[in-house]
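**Student:** Each chain, letter by letter, is given below.
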Amino acid sequence: MTALRIVIALVVIAALAAVPRFGSDVLVQFGINALLLAVLAQGWNIIGGYAGYASFGNSVFYGLGSYGVAIAMVQWELPFAAGLVFGVALAVVFAFLLGLPVLRLKGHYFAIATLALAQVMIAIVSNIELAGQNIGLVLPPLNNDPLFYELALGLLVLTTLTIFWLTRSRFGFGLIAIRENEEGAAVMGVNTTLYKVLAFALSGIFSALAGGIHAYWITFLDPESAFDISLNVKMIIMAVFGGPGTILGPVVGAFTLSAVSEVLSSEVTSVAGLFFGIVVVAAVVLMPRGLADVVRRFRKSGWRYFIENIRANRI
Amino acid sequence: MSPILEISHATRRFAGLIAVNDVSFTLDEGEILGVIGPNGAGKTTLISLISGTLAPSSGDVIFAGQPITGLPAFRRARLGIGRTFQIMRPFPGLSVLDNVAVGALFGHGGGEGDLNRARERARGYLDFVGLGKSVDQRADELGGPGRKRLELAKALAMQPKLLLCDEVMAGLNHVEIDEVIDVLRKVRQQGISILVIEHVIKAIKSLSDRLLVLHHGEKIADGAPDAVLSDKTVVEAYLGKRRA
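Taken in sequence, the protein lines are chains A and B.
Quick note: the first sequence, position 204, residue 204 per my numbering, numbers continuous.
Quick note: the second sequence, position 54, residue 54 per my numbering, numbers continuous.
In short, the hints are calculated from the structure, not lab data.
Certain hints may be false.
Reference listing, derived: stretches of chain B covered by chain A, where coverage requires no fewer than 3 residues with Cβ under 8 Å from a Cβ of chain A [stated by the list, open to error]: (1) 51–65; (2) 68–74; (3) 93–106.
Where a beta carbon is used, it is the ideal one built from N, C-alpha and C, also for glycine.
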């Protein structure tokens, strides 16, 4: 069973890796976006899905990763890899500095506090000369989409493997215990503060790497687009659509919704946003615990599964 | 015997209410101490002061000779203090087995590093409390009595030196109560000291070596169960003055 799963996973990864060889340019570009969104959804999964803290601050990590690469490459003329490292360092420092106070808040309060962080970052970065103030930075162009595609795919594999390890580790169990009942976890010996900050930082590392790759690919960034809060909403929707707190849910959610959004915007263009909204609302009503839960329970309850969900949420 | 736990002049205020007022007592190693008192007497607050979920407004908590008053709950757990909650705090989305495995992974001394071994140990504790058949169920699928047992198994999996039980028998029938008493006696035989809060007087009387009575946050009696239960102030606290 496990051997079969490993084989399936390897085949899927190989198939995805082969896309730039056979696919069109448009498909590769769609792929890069979808893969990076999947990384973001998976990164959010660590703090939101496993530790149960619905973070709206993950777009800050993404922005810091973007600026890390941009500043290193444009201002200091360092290689791309050094930029990634710098971006990750910024994200980790941010996670510890702000995670410590903000992670003391619970539920909605945590969400609101993190929501404010992205706005604050726009204001701060807009006034830093090194970051190009509110005009932004233009990176040296590298016209090599297949490379960015493979980088994004590699990062997604790394992120997913990390989450796989999480589900089998003492650390991951501590996070789940925090999500399920924080006080209960503390009296059983879980260092809740440390674990929450580590989860925040871990989720920040992957988001920053995604931001760094995206910045070099797009070759331009300004504060508004780097710390875009709607990106954070997207990663939450994708993670929740697929199944938060599962290994593959957020990846499946990101791919599915990216495809749906792509098809809609090419078919119905101007009202695509509306249809996308309907898809998301329908998903929340019919399968509030994500695709992963549908797969798990559908065999037992059949179509009644969806009706049960509607009833359970008193709609 | 040396005391494993020493509470000295512990007080806890909630705004205007004094939930625990200048309470001092000791708990010897290997002893079972029962704590009784009417509703709102401060029993659960007392346990929270020991487990670290609440900090005392004043006074000291000394565990195994070491002052732990300022330590957070997780550090106390690692020193060897395990507790159950009256309002049960299971990890609802986890299986019964994994609920207990958390205790084995963390708990006294930092716990087990390996997940498989932790699960193996968890299975042992579930058998011990009589939940061996429910290992694969989700914790929120258990009924009340099952959850009480689960709370106990979770605390035991931490391999504590001191076990604090907050009404583990409430809502159980006579047969189930006898089973839990039996379990707690076996726990004590393993050298674990126990503090039990209970409303079921008959049960706590047969189980405890010593009884402590709280009333309006104050300690009003402390001694051998028979003597305490026939004490005039204790009877008054429970039944009112005229009946006494």
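**Student:** Looking at the structure, which of the earlier hints fail to hold?
**Tutor:** Violated hints: none; all satisfied.
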